[in-house]
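Novice: These protein sequences, in sequence, are chains U and R. Mapping the first sequence onto the numbering used here, position 196 (from 1) lands on 196, and the numbers just tick up by one. Mapping the second sequence onto the numbering used here, position 20 (from 1) lands on 20, and the numbers just tick up by one.
A portion of the hints provided could be inaccurate.
Stated by the list, open to error - Derived DEER-like restraints, expressed as beta-carbon distance ranges:
no.	chain 1	residue 1	chain 2	residue 2	range
1	U	Gln168	R	Gln19	51 to 59 Å
2	U	Gln56	R	Tyr24	29 to 37 Å
3	U	Ser114	R	Pro310	56 to 64 Å
4	U	Leu31	R	Phe283	30 to 38 Å
5	R	Leu8	U	Ser22	45 to 53 Å
6	U	Leu16	R	Val335	38 to 46 Å
As the list claims (entries may be wrong) - A few chain U residues that don't get close to chain R, going by computed Cβ distances all over 12 Å:
no.	residue
7	Arg10
8	Tyr23
9	Leu28
10	Pro59
11	Leu84
12	Asp144
13	Ser146
Unchecked claim - With the C-beta cut set under 10 Å, the calculated list includes, among others, these residues of chain U facing chain R:
no.	residue
14	Met18
15	Pro25
16	Gly30
17	Gly35
18	Val39
19	Ala41
20	Gly46
21	Val48
22	Thr49
23	Gln51
24	Gln113
25	Val116
Hints listed in this document are in silico derivations from the structure and should not be mistaken for laboratory results. Each residue gets a CB set at the ideal place from its N, CA and C atoms; glycine is no exception.
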Amino acid sequence: MRSDDPALKRMTPPKLTMFEQSYLPQILGGLAVTGRHIVKAALGDGAVTMQYPEVQHQPSPNYRGVHRLNKDDQGRVKCVACMLCATACPVHCIDIVGATAPAAWTDREKYCQSFVIDELRCIYCGMCEEACPVDAIELTGFYDISGLSREEMIFDKTKLLSVFDLTQEAEPMKSGVVPPESSNRTMEFVTTPTTGPVIERQQLV
Amino acid sequence: MLEIIGLLIKIGLVVGITQGAVAYLILVERKIAAFAQDRIGPNRVGPLGLLQPIVDGVKMFLKEDVTPSYVNKPIFILAPFLSIIAAMIGFAVIPFGPVGPNNPSLAMGPVQFQIAPGIDIGLLYIFAVGSLSVYGVILAGYASNNKYSFLGGLRSSAQLISYEIPMGMSILGMILLVGSLDLNAVVEWQNRHVWGILAQPLGFLIFLICAFAETNRLPFDLPESEQELVGGFHTEYSSMKFGMFFLGEYLHVITVSYLVVILFLGGWDLPFVPLGEQSGWLFTLVKMGVLLAKVLLMIVFVMWIRWTLPRFRYDRLMELAWKRMIPLAIANTIVTATVLQLLRG
Numbered sequence: 001m002r003s004d005d006p007a008l009k010r011m012t013p014p015k016l017t018m019f020e021q022s023y024l025p026q027i028l029g030g031l032a033v034t035g036r037h038i039v040k041a042a043l044g045d046g047a048v049t050m051q052y053p054e055v056q057h058q059p060s061p062n063y064r065g066v067h068r069l070n071k072d073d074q075g076r077v078k079c080v081a082c083m084l085c086a087t088a089c090p091v092h093c094i095d096i097v098g099a100t101a102p103a104a105w106t107d108r109e110k111y112c113q114s115f116v117i118d119e120l121r122c123i124y125c126g127m128c129e130e131a132c133p134v135d136a137i138e139l140t141g142f143y144d145i146s147g148l149s150r151e152e153m154i155f156d157k158t159k160l161l162s163v164f165d166l167t168q169e170a171e172p173m174k175s176g177v178v179p180p181e182s183s184n185r186t187m188e189f190v191t192t193p194t195t196g197p198v199i200e201r202q203q204l205v
Numbered sequence: 001m002l003e004i005i006g007l008l009i010k011i012g013l014v015v016g017i018t019q020g021a022v023a024y025l026i027l028v029e030r031k032i033a034a035f036a037q038d039r040i041g042p043n044r045v046g047p048l049g050l051l052q053p054i055v056d057g058v059k060m061f062l063k064e065d066v067t068p069s070y071v072n073k074p075i076f077i078l079a080p081f082l083s084i085i086a087a088m089i090g091f092a093v094i095p096f097g098p099v100g101p102n103n104p105s106l107a108m109g110p111v112q113f114q115i116a117p118g119i120d121i122g123l124l125y126i127f128a129v130g131s132l133s134v135y136g137v138i139l140a141g142y143a144s145n146n147k148y149s150f151l152g153g154l155r156s157s158a159q160l161i162s163y164e165i166p167m168g169m170s171i172l173g174m175i176l177l178v179g180s181l182d183l184n185a186v187v188e189w190q191n192r193h194v195w196g197i198l199a200q201p202l203g204f205l206i207f208l209i210c211a212f213a214e215t216n217r218l219p220f221d222l223p224e225s226e227q228e229l230v231g232g233f234h235t236e237y238s239s240m241k242f243g244m245f246f247l248g249e250y251l252h253v254i255t256v257s258y259l260v261v262i263l264f265l266g267g268w269d270l271p272f273v274p275l276g277e278q279s280g281w282l283f284t285l286v287k288m289g290v291l292l293a294k295v296l297l298m299i300v301f302v303m304w305i306r307w308t309l310p311r312f313r314y315d316r317l318m319e320l321a322w323k324r325m326i327p328l329a330i331a332n333t334i335v336t337a338t339v340l341q342l343l344r345g
């Protein structure tokens, strides 16, 4: 558009009065705004600060925190050592050693002998959770982990299973439990008769 | 002899109390900063965070004092001392309470709530030593041998030559009305007539704006400019040397707040309460408390402004001072002088 285009609409800022030009009304307005905030935060509950160690932050349901390895109803690890999560992992922080499942475990051929996640290398993207065909690996809302060494932050199978024990009350497995009726998306997902995992999920229910 | 002891006690009291007050002003500042941003502020050390200033002070002393190899050492060390001394000697003429022969007396005669009572050039003195603290900033910027610090020092000098003139002129009207440079005389005049803010509203406004520039507080903290000058003049300072700049700044805020209250907000005068003629310990202490309360409110206002207004660009500050405030201050002086002359006939 050229500068002399007739369609060009020219706007002129409103003329400021003498009083407004001194910026005093604006300054007083600003003082009123900050003053309101100061009084509200000082006297009432205006402050948004959370007193952290005393008050715990509740992350949203889809928060991606520390991983856990889910157990099935017999207390066995659900993982079938298919390596899909380790393959999907963009930073290669998952290391699985698979082994032939014991003969008594009729529902699978393999299980994971060792399952190690380097929590320091992990970027908490949730790809492993999405890749898992049996919903064995899940990201929890557990966020305040710390350690004194790098080795301490490499979580093995026992530790990951203990995260499950720790969090299963607060966060039931995303599958294997009847989804709440209010959630339309999951209902649709469960009732769609498609591939193996979904059928298996219904069997588990 | 008794007089000298009394004087030393007074000096000790003023220095001690103001240093302690500064520590707690930093807590107040942090609290107000937090409230303005909908936070809570320091509340972990002691009840309501009341021990925070002590911990901060200890931290300041225990930190390693780094002197970079490339600085101009003598000036580098001199600068923070200059800054704090200039801020401190201003207290010599500030009346913390009533001064006069009718004051309640102890062994050595009537107690004067001023280190150097009866100085008739009090205002002139405060203006003189108040401007000295700028040398601390300029020298720190120069001695640091660092481009950001140097820019900070440069800005400080540009700021000085801008605000000092309107500042000096803004109180001329008040001095004309009172007819004295003695701070006590100013308070007494306001006691008898009206507060300075009513008699000289324009003078008050100009003086207030310049006071912010004088103390290097937002919106005029150009030499510091955390964002574009990485701390400006004190970038290279650490430990207690940095602490001294900090102390100097807050002491300056206290001095200037006293000055604003004494010059324009009536000093220890309360409207509709005839405190002025009373003397005796009770009333004297009440007057002192009134003055202190006003000063505290003024300091809170200074901090409140900090979280309201953004920083000025330094050419804008010069423009504001030279093109707006100086003409206004001159006009204010001329009008006051003319009206006074006409009234006197």
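Novice: If you test the structure against every hint from before, which numbers come out violated?
Specialist: Numbers 6, 8, 9, 14, 15, 24, 25, in rising order.
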